[in-house]
Amino acid sequence: MMSPQQVEEMIKIELPDALVQVQDLTGGGDHYQVTVVSSQFANKGLVQQHQLVYGALKQAMSSEAIHALALKTYTPDAWENSH
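Mind the numbering: the sequence shown is residues 1475 to 1557 in our numbering, read in order.
Hints listed in this document are in silico derivations from the structure and should not be mistaken for laboratory results.
For clarity, every value in this text was computed on a predicted model and none was experimentally measured.
Every residue gets a Cβ at the ideal spot worked out from N, C-alpha and C, and that includes glycine.
Where hints are given, some of them may not hold.
Said to hold, decoys possible - Quick list of simulated restraints, FRET-style, between CB atoms:
(1) D1551 - T1500: 26 to 36 Å
(2) N1517 - M1475: 31 to 41 Å
(3) Q1525 - E1482: 30 to 40 Å
(4) K1486 - S1537: 15 to 25 Å
(5) I1487 - K1518: 33 to 43 Å
(6) M1475 - E1554: 26 to 36 Å
(7) A1516 - M1475: 14 to 24 Å
(8) N1555 - M1475: 27 to 37 Å
(9) D1551 - G1502: 32 to 42 Å
(10) S1477 - S1536: 14 to 24 Å
(11) S1477 - N1517: 26 to 36 Å
Claimed, not checked - Straight-line distance between alpha carbons at most 16 Å, and here's what the computed EDC-like set of lysine to aspartate or glutamate pairs gives:
(12) K1532 - E1483
(13) K1546 - E1482
(14) K1532 - E1482
(15) K1532 - E1488
(16) K1546 - D1498
(17) K1518 - D1551
(18) K1532 - D1504
Construct the entire structure; sequences and hints are all you get.
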């Protein structure tokens, strides 16, 4: 089981400039919806963006501390335009 704050911290280690929003979908600490906004996503496709986030959470995913992850990624410009 991981806290939303732990998930956020793991992502920020790999993507220090990221704005990270973490929502626990079930209250059990292992199913999360995560939104990540980072300039490091610029000029990368969606798969590459997601791979960066999965890479940051690799240990938690492989140990099954996180069972499910719904992921949304944005560049800062795309984030601004989505609101």
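Quick rundown of the hints versus the structure:
{"no.": "1", "hint": "D1551 - T1500: 26 to 36 Å", "in the structure": "32 Å, holds"}
{"no.": "2", "hint": "N1517 - M1475: 31 to 41 Å", "in the structure": "36 Å, holds"}
{"no.": "3", "hint": "Q1525 - E1482: 30 to 40 Å", "in the structure": "19 Å, violated"}
{"no.": "4", "hint": "K1486 - S1537: 15 to 25 Å", "in the structure": "19 Å, holds"}
{"no.": "5", "hint": "I1487 - K1518: 33 to 43 Å", "in the structure": "19 Å, violated"}
{"no.": "6", "hint": "M1475 - E1554: 26 to 36 Å", "in the structure": "34 Å, holds"}
{"no.": "7", "hint": "A1516 - M1475: 14 to 24 Å", "in the structure": "34 Å, violated"}
{"no.": "8", "hint": "N1555 - M1475: 27 to 37 Å", "in the structure": "35 Å, holds"}
{"no.": "9", "hint": "D1551 - G1502: 32 to 42 Å", "in the structure": "35 Å, holds"}
{"no.": "10", "hint": "S1477 - S1536: 14 to 24 Å", "in the structure": "19 Å, holds"}
{"no.": "11", "hint": "S1477 - N1517: 26 to 36 Å", "in the structure": "33 Å, holds"}
{"no.": "12", "hint": "K1532 - E1483", "in the structure": "13 Å, holds"}
{"no.": "13", "hint": "K1546 - E1482", "in the structure": "14 Å, holds"}
{"no.": "14", "hint": "K1532 - E1482", "in the structure": "13 Å, holds"}
{"no.": "15", "hint": "K1532 - E1488", "in the structure": "11 Å, holds"}
{"no.": "16", "hint": "K1546 - D1498", "in the structure": "14 Å, holds"}
{"no.": "17", "hint": "K1518 - D1551", "in the structure": "13 Å, holds"}
{"no.": "18", "hint": "K1532 - D1504", "in the structure": "14 Å, holds"}
Figure legend: structure checked against the earlier numbered hints; hints not met, in rising order: 3, 5, 7.
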